[in-house]
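2 protein chains.
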Amino acid sequence: MRLLRKRGFSNIRAFASSRSAGTTVEGIEVEEAGAGALVAGDLDLCFFSIGTELSAELVPQAVAASALCIDKSSAFRLDNGVPLVVPEVNGARASANEGIVANPNCCTIPLAIALAPLREAAGLRRVRVATYQSASGAGADAMERLRSELPEEHDLRMDWALEGDEFDEESKIRAETRKILELPELPVSATCVRVPVLIGHAEAVWVETEESLSAATAESILDEAPGVRIEPFPTPGQAVQTEDVLVGRVRQDPTVENGLVLFVVCDNLVKGAALNAVQIAELLLGARALV
Amino acid sequence: MRLLRKRGFSNIRAFASSRSAGTTVEGIEVEEAGAGALVAGDLDLCFFSIGTELSAELVPQAVAASALCIDKSSAFRLDNGVPLVVPEVNGARASANEGIVANPNCCTIPLAIALAPLREAAGLRRVRVATYQSASGAGADAMERLRSELPEEHDLRMDWALEGDEFDEESKIRAETRKILELPELPVSATCVRVPVLIGHAEAVWVETEESLSAATAESILDEAPGVRIEPFPTPGQAVQTEDVLVGRVRQDPTVENGLVLFVVCDNLVKGAALNAVQIAELLLGARALV
Numbered sequence: 001m002r003l004l005r006k007r008g009f010s011n012i013r014a015f016a017s018s019r020s021a022g023t024t025v026e027g028i029e030v031e032e033a034g035a036g037a038l039v040a041g042d043l044d045l046c047f048f049s050i051g052t053e054l055s056a057e058l059v060p061q062a063v064a065a066s067a068l069c070i071d072k073s074s075a076f077r078l079d080n081g082v083p084l085v086v087p088e089v090n091g092a093r094a095s096a097n098e099g100i101v102a103n104p105n106c107c108t109i110p111l112a113i114a115l116a117p118l119r120e121a122a123g124l125r126r127v128r129v130a131t132y133q134s135a136s137g138a139g140a141d142a143m144e145r146l147r148s149e150l151p152e153e154h155d156l157r158m159d160w161a162l163e164g165d166e167f168d169e170e171s172k173i174r175a176e177t178r179k180i181l182e183l184p185e186l187p188v189s190a191t192c193v194r195v196p197v198l199i200g201h202a203e204a205v206w207v208e209t210e211e212s213l214s215a216a217t218a219e220s221i222l223d224e225a226p227g228v229r230i231e232p233f234p235t236p237g238q239a240v241q242t243e244d245v246l247v248g249r250v251r252q253d254p255t256v257e258n259g260l261v262l263f264v265v266c267d268n269l270v271k272g273a274a275l276n277a278v279q280i281a282e283l284l285l286g287a288r289a290l291v
Numbered sequence: 001m002r003l004l005r006k007r008g009f010s011n012i013r014a015f016a017s018s019r020s021a022g023t024t025v026e027g028i029e030v031e032e033a034g035a036g037a038l039v040a041g042d043l044d045l046c047f048f049s050i051g052t053e054l055s056a057e058l059v060p061q062a063v064a065a066s067a068l069c070i071d072k073s074s075a076f077r078l079d080n081g082v083p084l085v086v087p088e089v090n091g092a093r094a095s096a097n098e099g100i101v102a103n104p105n106c107c108t109i110p111l112a113i114a115l116a117p118l119r120e121a122a123g124l125r126r127v128r129v130a131t132y133q134s135a136s137g138a139g140a141d142a143m144e145r146l147r148s149e150l151p152e153e154h155d156l157r158m159d160w161a162l163e164g165d166e167f168d169e170e171s172k173i174r175a176e177t178r179k180i181l182e183l184p185e186l187p188v189s190a191t192c193v194r195v196p197v198l199i200g201h202a203e204a205v206w207v208e209t210e211e212s213l214s215a216a217t218a219e220s221i222l223d224e225a226p227g228v229r230i231e232p233f234p235t236p237g238q239a240v241q242t243e244d245v246l247v248g249r250v251r252q253d254p255t256v257e258n259g260l261v262l263f264v265v266c267d268n269l270v271k272g273a274a275l276n277a278v279q280i281a282e283l284l285l286g287a288r289a290l291v
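Chains as they are written, first to last, in this note's numbering: chain A, 1 to 291; chain B, 1 to 291.
Read the hints as simulated data drawn from the structure, not as lab findings.
Hints are supplied without guarantee of correctness; some may be wrong.
Among the chain A residues that face chain B by a calculated CB cut under 8 angstroms, a handful are [as the list claims (entries may be wrong)]: (1) Leu124; (2) Arg128; (3) Ala130; (4) Tyr132; (5) Leu146; (6) Glu152; (7) Asp155; (8) Trp160; (9) Pro187; (10) Val193; (11) Ala204; (12) Trp206; (13) Pro226; (14) Ile230; (15) Val256; (16) Val261.
Since we're looking at a predicted model, the values are computed, not measured.
Beta carbons: idealized from backbone N, C-alpha and C, even for Gly.
All chains should be modelled from the sequences, with the hints used to inform the complete structure.
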């Protein structure tokens, strides 16, 4: 809501479950969501941030009522006909939608932003990523739990659902990165771990490129890339409230030819979520204005 | 000191700087260390846990006074004639010493314990590791800082010294793993990160083996390996005060032939430090008794 206001959106309405209806968010009274509200609604553009099950139910109703929907859940991300968009990477794909544009996973967005310029420069052969994800990625309750824990209780957590031998979070990173980069066979292996940090996701990334690329060249390519800021030792604390993805520790992977290692950090609540969705909206509205 | 008592060592003396001399640790009055004390000393076996510079100065003096020295610093780890020992992996090397046996880095110990059985089964081609290291690895002050921080201040840290484009911690992991496993060319790439956890180091590990090894076979080999306990989702919290290295999330690396992914955790103060040193002492005393 704050980002929308800040970036000039007006005539904003807020919908939530009956539990929150009647409360106020950013000065706007929350209305009860539900089929009626969305169908009845004079809604040009809807942002959904309500979880996969509810998105699967409500988004199609809003689409049927001619609203353009930007959905933050994983309900539609891999569907054909639903662009999965990181504006800096594949913004041109956003307009080819059938009413829904999906916002990627909070780890996929910074990863795609860091990988796209390397793909342009040297091609991508394979990617391995270990995540350091913050509590805010698991929601307000997880943040509250971290705040109320004693330091002795701080621990790493692995709080995702298993799909075979990996977490759904890990398979999302692979599938979504492939779709965004339009590299449907790109080999990606992710290990996802939550750390006792409130805000900011970090990723240790090993990339193998098709062609040789020195660490210095890779860093200067990333430095020029949209949405990237080079920092020597980026941390979540540095990323909080920052719109850019911070990339640092760019170095050669000594174990393999054409290998690079990087450390990627972003504010999972800003570029990892809300900002990316608002940027998608700006793209879509720009395209509409041109029609 | 507690481990020594628990495991039957007696006639224990404690030495420290003049700052601590006169205080009591585990019921033993601390004496002032320094050349005189060590040279004068009737000391059969000395454990040094005093940092690299002081070890470089004092350990040779104790050796000259015929004490057998087990050193926890990095001062001698890579020296020829100094065995670098993880008892479960290369305990047989401990006796071939010239007065000093070195205790490896707290991340190298669990990594070597997890890699050694895989080397036996299928050979090692390359290793990549992202660490999640606890505050206790940086000492009591870092633990105190974490305890006194607000949750909002918790951040990832990278508090090691740079050597070229990597941290000394990262080059130690490579060099020490090569020495312990006796694979002097083993390609190893490490990214080291400190997390806001008080005790317990974790590592996300990608291993490529020379020969094919299924994840199920790898897990059952690790399950039989000395010093390893298989846990589905090992965390530092589970590892605290545990003597074993916890290994879990053993799965195929889908990006490469003969690739495995694992998650390795240990109590960096127990198996990552004190316990490993005491086990080395037990090996050495056993070997002496046999002479």
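Hints, verified against the model:
1. Leu124: This hint is violated: Leu124 (chain A) lies away from chain B, its Cβ roughly 11 angstroms from the closest one there, beyond 8 angstroms.
2. Arg128: 5 angstroms, holds
3. Ala130: 4 angstroms, holds
4. Tyr132: 6 angstroms, holds
5. Leu146: The hint holds - Leu146 (chain A) has a Cβ within 8 angstroms of chain B, the shortest such distance being about 6 angstroms.
6. Glu152: At 6 angstroms from the nearest chain B Cβ, Glu152 (chain A) passes the 8 angstroms test, so the hint holds.
7. Asp155: Holds - the Cβ of Asp155 (chain A) comes within 8 angstroms of chain B, reaching about 4 angstroms at its closest.
8. Trp160: 10 angstroms, violated
9. Pro187: 3 angstroms, holds
10. Val193: Result: holds, 6 angstroms to nearest chain B Cβ.
11. Ala204: Holds: closest Cβ of chain B sits about 4 angstroms from Ala204 (chain A), inside 8 angstroms.
12. Trp206: 5 angstroms, holds
13. Pro226: With Cβ-Cβ at 25 angstroms, over 8 angstroms, it is violated.
14. Ile230: It is violated, given that the least Cβ distance between Ile230 (chain A) and chain B is near 14 angstroms, above 8 angstroms.
15. Val256: 7 angstroms, holds
16. Val261: 6 angstroms, holds
In the structure shown, a violation is registered for the earlier hints numbered 1, 8, 13, 14, in ascending order.
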